[in-house]
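A.B. asks: For the protein sequence lines, the chains are X and A, in the order given.
Each residue of the first sequence is one higher than the one before, starting from 107 at the first, in my numbering.
Each residue of the second sequence is one higher than the one before, starting from 404 at the first, in my numbering.
Think of the hints as simulated: they come from the structure by calculation, not from any bench.
Treat each hint with caution, since some may be false.
Stated by the list, open to error - Derived EDC-like pairs: lysine to aspartate or glutamate, alpha-carbon spacing no greater than 16 Å straight-line: (1) X/K267 - A/E676; (2) A/K435 - X/D310; (3) A/K435 - X/D258.
As the list claims (entries may be wrong) - Away from chain X, derived, C-beta distances all over 10 Å, residues of chain A: (4) R551; (5) L639; (6) R736; (7) A1005.
Claimed, not checked - Footprint (simulated), chain A over chain X, 3 or more residues, beta carbon under 8 Å: (8) 156 to 164; (9) 200 to 213.
The beta-carbon is built from N, C-alpha and C at its ideal position, and this holds for glycine as well.
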Amino acid sequence: MDASVQTKTHNLAKGDTLLAVDNVSLSFGGVKAITDVSFDIKKGEIRAIIGPNGAGKTSMLNVINGFYHPQQGRITFKGETRQKMRPYVAASQGIARTFQNVALFKGMTTLDNIMAGRTLKMNTGFFWQLWRHGPAMREEVEHRHIVEEIIDFLEIQAIRKTPVGKLPYGLQKRVELGRALAMEPELLLLDEPMAGMNLEEKEDMSRFIIDVNTQYGTTIALIEHDISVVMDLSDRVVVLEYGRKIADGTPNQVKNDQTVIDAYLGVPH
Amino acid sequence: MEAAQALREDTFPKLLARNARVRGDRPAIRHKDLGIWQTWSWAEVYANVRALAASYHALGLERGDTIAIIGANRPKLYWSMMAAQMLGAIPVPVYADAVADEMAYVLEHAQVKLAAVQDQEQVDKILSISDRLHYLKYIAYDWGRGLRDYDHARLRSIEELIQQGRKSLQDKAVSAALDASMAAGKGADTSVILYTSGTTGRSKGVMLSAERCINAATDSVAFDKLNDRDEVLAYLPLAWVGDHYMNYAQGLVAGYCMSCPESAETVQQDLREIGPTFYFAPPRVFESLLTRVMIRMEDASAPKRKMFHYFIGVAKKYGEKILNGESVPLSGRLMYELGNLLVYAPLKNVLGFSRMRVGYTAGEAIGPELFSFYRSLGLNLKQLYGQTEAFLYVTVQPDGQIRADTVGPLAPNVEVKISPEGEVLFKSPGMFLGYFRDEDRTAETLTPDGFIKTGDAGFFEPQSGHLKIIDRAKDVGKLANGDLFPPKYVENKLKFYPNIKEAVAFGDQRDAVTCFINIDITAVGNWAERNNVVYGSYQELAGHPLVYDMIAAHVNEVNRSLAQEPMMAGAQIKRFLILHKELDADDGELTRTQKVRRGFIAERYQPLIDALYNGSQEADISTEVTFEDGRKGMISARVKIRDCDIVPVSARSKAA
Chain X
107 MDASVQTKTH NLAKGDTLLA VDNVSLSFGG VKAITDVSFD IKKGEIRAII GPNGAGKTSM
167 LNVINGFYHP QQGRITFKGE TRQKMRPYVA ASQGIARTFQ NVALFKGMTT LDNIMAGRTL
227 KMNTGFFWQL WRHGPAMREE VEHRHIVEEI IDFLEIQAIR KTPVGKLPYG LQKRVELGRA
287 LAMEPELLLL DEPMAGMNLE EKEDMSRFII DVNTQYGTTI ALIEHDISVV MDLSDRVVVL
347 EYGRKIADGT PNQVKNDQTV IDAYLGVPH
Chain A
404 MEAAQALRED TFPKLLARNA RVRGDRPAIR HKDLGIWQTW SWAEVYANVR ALAASYHALG
464 LERGDTIAII GANRPKLYWS MMAAQMLGAI PVPVYADAVA DEMAYVLEHA QVKLAAVQDQ
524 EQVDKILSIS DRLHYLKYIA YDWGRGLRDY DHARLRSIEE LIQQGRKSLQ DKAVSAALDA
584 SMAAGKGADT SVILYTSGTT GRSKGVMLSA ERCINAATDS VAFDKLNDRD EVLAYLPLAW
644 VGDHYMNYAQ GLVAGYCMSC PESAETVQQD LREIGPTFYF APPRVFESLL TRVMIRMEDA
704 SAPKRKMFHY FIGVAKKYGE KILNGESVPL SGRLMYELGN LLVYAPLKNV LGFSRMRVGY
764 TAGEAIGPEL FSFYRSLGLN LKQLYGQTEA FLYVTVQPDG QIRADTVGPL APNVEVKISP
824 EGEVLFKSPG MFLGYFRDED RTAETLTPDG FIKTGDAGFF EPQSGHLKII DRAKDVGKLA
884 NGDLFPPKYV ENKLKFYPNI KEAVAFGDQR DAVTCFINID ITAVGNWAER NNVVYGSYQE
944 LAGHPLVYDM IAAHVNEVNR SLAQEPMMAG AQIKRFLILH KELDADDGEL TRTQKVRRGF
1004 IAERYQPLID ALYNGSQEAD ISTEVTFEDG RKGMISARVK IRDCDIVPVS ARSKAA
């Protein structure tokens, strides 16, 4: 399994900076979503972004994968600085993501959804694909093999041929993770992977996230509201409030930081 | 000829060698991996098992040692069993879902030196109890996921062990030593130790010898005419005698292929893909399949639904008769054929039963309706009665003598007698050597003349020679006049009516049998709707005179059927009442597995029992109930009591 689903390292060792966000600001008209935020994500770590509602977490993720373009600041991914980027460029560079609201193709099966994650890796032309013959068939077999490994990894064999619209929410989230993994990403962005899950589903998902990190060496940035999950999973945590960074450090440092406590519990004025 | 040859191979590894020689290219085992069925031939399995045996030997596994096998049905775990047996070591399959504490007991009691396990979950479990396991040296795992960062001082991957074993077998001396070790295996040696699930007290390790296992399997292979073209799906727990018998022993004797499902959740799909020719499942599997089919039919379009129900009706009328070879009018046969084309064949295909030649069910009583349903579709479903101590079969139904209410005549070469107390005692070709390290309980289980006590009460039906199992022997009571009173037997007869959900019979040391009945609110509610019976609550429906009439008719029916069995005629129900509330596990009236807690109910409803026996027509009762949110409340009710028709003794003898 390890051999085929492996991220290309591009000479970055574990612990090197994979992605750096420098002084990024983003506003929508008069609304300032993100103000002057800087942080970095190191290769091989699990990085959490937390904060109260409306703190700008999802906006931050959207900036990282090129969906929003920040008015100020720079983003450096694998040593390449950029200011504007299209999501598909981000995807082809090795950034994959899941969404807060599950965004799967509901009428398609689990298998096809995960297969869709391989689109960018497909090389045969439209003509061959149309006939599903010759090189297209060979390629499909290779991709199917990788997809099957992901299915095995996420233990979703039983729903391989089930349309995802029929699946319970927790499983849909898992399929979405599978589709993101199918891109063999270097950086995986997870937007609230555990929202709306019950305890058992959360535990399963946590285990998968850790396994993805250790087994594939994938760097993970995740947004999550369940603080206990964040504290257990992540190596380092960034805390945002009203679009500003208020803390950054290990889970323990962040947990004991007075500004973070104030931001979550509120302070008397 | 095949069977005669099998007798010469008196251990399973020798059978494996024979299969590799005789049918080396035939498939031996399949496993669905990454969505594709991977197949190993007998020759490949033999090579892998030899390699694995060499590695286990290198890890210190010697003749007489034990090795635990823990996990789901996977080729490498089956190979581990064969490899251990090749060395003369004894495999001990353990229930994979056992909690750490139970597992610690079994592993320590069996003194296992090695454990072959499926995955990280089992490795973690064993590591958590490792300070209590004094004999365990190494753990071999099948699936390495998540184990990369573990300390590998005592961990080995089975895949790597096979590779290493292959290399070391290139040395002629190693290879010859392994062959010698296999040849040294004797049929009288313990082949496997199967621990009973331990519902009563600590589990016991049932030791089975190789030749007895093989004798028993050879008998049943001949009985059901199994051969190396058969296919089975191995989905039952490894530690259960059913799996070891049906898949492992019979597979090696007959040389057929077993398929391991992709995961526990995909069994249904895998069943459909493999289409086994030989199938075994406990009644509840058949029950849930039927329910699923019926629910899905309710969602189908009206014409399809109509067609389905019409042809199921046809099958009910003619299906079983055709299967039993009885005479059926030509029009019936034609309709049945049409039904087969339109309904039965597609249905069987969906269920994965298209190629099923022989199917078995055992473990508990199967409802006659359920049994008939599958048989009417043309599935050769049969019942057997057996025990781990017998290496499964005691009685089995041969083709053409299939009935829902008996477990069949004796299996080949089995001897059975009924003790004066009514307990079933047997001697069988596969009978056990004893319990491992438990001579006291071995002695308790054996009679002085070498029969095994089953703990079940039963009797032979005089006309047919079929064995009927009544109940656990310790539950069977006697009426004051000395007639037999088997509570569960009576209750099961009642419960086969869809309107009756639960029944509790009383009568031990009393002068007559009486019983409490719970109606099934879905079935009776449905009936009420169709018959314009108005009701506001369970209690009201349960007390409705028309409902009483209906249940009384069922009870009378049961009495008539009891009267036809001379031994049971005394257990006819004299009076009954319908309880005002459903028996509930939250109130402690049922166990969590929905079994009736007779003693507790008798205590709690003492006033009602008194009323059943003192002849009164009504009784008052108030009981505490626990609601789902944990609050408690009282329910009071006045419950009516009905007398039933007892079929008199004269009619009884006429019926007999």
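A.B. asks: With reference to the structure, classify each hint as holding or not holding.
C.D. replies: So, going through the hints one by one against the coordinates:
1. Distance check on the hinted pair: X/K267 and A/E676 sit about 13 Å apart at the alpha-carbon level, within 16 Å; holds.
2. About 23 Å separates the Cα atoms of A/K435 and X/D310, which puts this hinted pair outside 16 Å; it is violated.
3. Between A/K435 and X/D258 the CA atoms are separated by roughly 11 Å; this keeps the pair inside 16 Å, and the hint holds.
4. Not every CB of chain X is more than 10 Å from the CB of A/R551 (nearest about 7 Å), against its label as outside the interface.
5. Residue-level check passed: A/L639 sits 18 Å from the nearest beta carbon of chain X, beyond 10 Å.
6. Interface exclusion of A/R736 from chain X stands, the closest Cβ pair being 37 Å apart, more than 10 Å.
7. Listed as a non-interface residue, A/A1005 keeps its Cβ farther than 10 Å from every Cβ of chain X; the least gap is roughly 39 Å.
8. Note: the region 156 to 164 of chain X has 0 residues with beta-carbon separation from chain A under 8 Å; the three-residue rule is not met and the coverage is violated.
9. Interface restraint, the region 200 to 213 of chain X with chain A: violated (0 residues with C-beta to C-beta distance below 8 Å; minimum three).
The structure is inconsistent with the numbered hints 2, 4, 8, 9, although it conforms to all the rest.
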